[in-house]
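Participant: Construct all of the structure, not just a fragment, from the sequences and the given hints.
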Amino acid sequence: DTEVTQTPKHLVMGMTNKKSLKCEQHMGHRAMYWYKQKAKKPPELMFVYSYEKLSINESVPSRFSPECPNSSLLNLHLHALQPEDSALYLCASSQLVSGAPGELFFGEGSRLTVL
Amino acid sequence: SQELEQSPQSLIVQEGKNLTINCTSSKTLYGLYWYKQKYGEGLIFLMMLQKGGEEKSHEKITAKLDEKKQQSSLHITASQPSHAGIYLCGADILGNAGKSTFGDGTTLTVKP
Numbered sequence: 001d002t003e004v005t006q007t008p009k010h011l012v013m014g015m016t017n018k019k020s021l022k023c024e025q026h027m028g029h030r031a032m033y034w035y036k037q038k039a040k041k042p043p044e045l046m047f048v049y050s051y052e053k054l055s056i057n058e059s060v061p062s063r064f065s066p067e068c069p070n071s072s073l074l075n076l077h078l079h080a081l082q083p084e085d086s087a088l089y090l091c092a093s094s095q096l097v098s099g100a101p102g103e104l105f106f107g108e109g110s111r112l113t114v115l
Numbered sequence: 001s002q003e004l005e006q007s008p009q010s011l012i013v014q015e016g017k018n019l020t021i022n023c024t025s026s027k028t029l030y031g032l033y034w035y036k037q038k039y040g041e042g043l044i045f046l047m048m049l050q051k052g053g054e055e056k057s058h059e060k061i062t063a064k065l066d067e068k069k070q071q072s073s074l075h076i077t078a079s080q081p082s083h084a085g086i087y088l089c090g091a092d093i094l095g096n097a098g099k100s101t102f103g104d105g106t107t108l109t110v111k112p
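Residue numbers (our numbering), protein chains in the order written: chain A, 1 to 115; chain B, 1 to 112.
Keep in mind that the hints were calculated from the coordinates and are not lab data. Treat the hints with caution; some may be incorrect.
Claimed, not checked - What follows is a set of in silico ranges between Cβ atoms, one per label pair, in the way DEER data are often shown:
1. V13(B) with K41(A): 21 to 27 Å
2. H79(A) with D66(B): 44 to 50 Å
3. Q95(A) with G52(B): 18 to 24 Å
4. K68(B) with K9(A): 40 to 46 Å
5. I44(B) with R30(A): 18 to 24 Å
6. G95(B) with N70(A): 28 to 34 Å
7. E54(B) with T5(A): 28 to 34 Å
8. A39(A) with E67(B): 29 to 35 Å
9. E55(B) with L115(A): 47 to 53 Å
10. Y39(B) with I56(A): 25 to 31 Å
11. G14(A) with I44(B): 30 to 36 Å
12. Q14(B) with R63(A): 43 to 49 Å
Virtual Cβ for every residue (Gly too), placed ideally from N, Cα, C.
Facilitator: Dropping the structure here:
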């Protein structure tokens with residue numbers, strides 16, 4: 001069983017909808033991540049939160065808006081998405097080791113389809 | 001060029017056979033991680049290697065880190081259908097502060 005929980009598992013939305021992906025971890029990890037993964041590709045980093053502060057934004061379009069309400073929760077707010085944004089969205093957490101991510105613990109992902 | 005090169009891209013083996021997957025970094029590694037992913041699911045952490053010459057095993061999977069070559073290998077002994085999936089190497093690389101870098105993955109099929 002994964003200790004990083006993501007909801008929903010599947011999401012279908014239109015291009016004008018507003019939705020959110022949620023992620024929760026109770027391992028006391030200080031860093032949380034959002035990744036986007038397309039079929040047959042490795043995960044691509046989108047955002048990193050370290051100690052509840054946004055530390056990395058990989059030039060992600062503003063239609064994706066991350067939020068870290070506390071050290072256990074991470075949200076990804078979605079608005080006016082495009083069909084090419086359809087992908088598996090993965091949340092991960094890690095302890096941070098001397099500023100480096102260390103081993104990542106992933107959730108099972110949210111499969112997003114944009115119509 | 002890619003910072004983490006993984007090979008082979010895909011592998012089909014008969015059940016019971018041994019296999020090896022390689023991961024080579026073009027830059028200095030601080031840590032090397034192996035993950036397994038089933039299609040459409042999250043990545044599962046397998047093993048972490050940090051020191052040159054380090055070797056770790058879990059059940060029938062062994063991973064080694066050759067620090068001089070900036071290379072790691074993942075070896076599966078007596079493969080089983082349960083080993084099938086996508087294996088990805090990930091790394092903390094000098095100059096990529098705060099980010100993990102991933103190889104492209106190796107898709108393993110084990111034929112019964």
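Participant: Give a verdict on every hint.
Facilitator: Structure-based check of all given hints:
1. V13(B) with K41(A): 21 to 27 Å: holds (23 Å)
2. H79(A) with D66(B): 44 to 50 Å: holds (47 Å)
3. Q95(A) with G52(B): 18 to 24 Å: Cβ of Q95(A) to Cβ of G52(B): about 23 Å, so the range 18 to 24 Å holds.
4. K68(B) with K9(A): 40 to 46 Å: holds (43 Å)
5. I44(B) with R30(A): 18 to 24 Å: holds (21 Å)
6. G95(B) with N70(A): 28 to 34 Å: holds (31 Å)
7. E54(B) with T5(A): 28 to 34 Å: holds (32 Å)
8. A39(A) with E67(B): 29 to 35 Å: holds (34 Å)
9. E55(B) with L115(A): 47 to 53 Å: holds (49 Å)
10. Y39(B) with I56(A): 25 to 31 Å: holds (27 Å)
11. G14(A) with I44(B): 30 to 36 Å: Holds: the Cβ-Cβ distance is about 33 Å, inside 30 to 36 Å.
12. Q14(B) with R63(A): 43 to 49 Å: holds (47 Å)
This entry satisfies every hint, going by the numbered hints stated previously.
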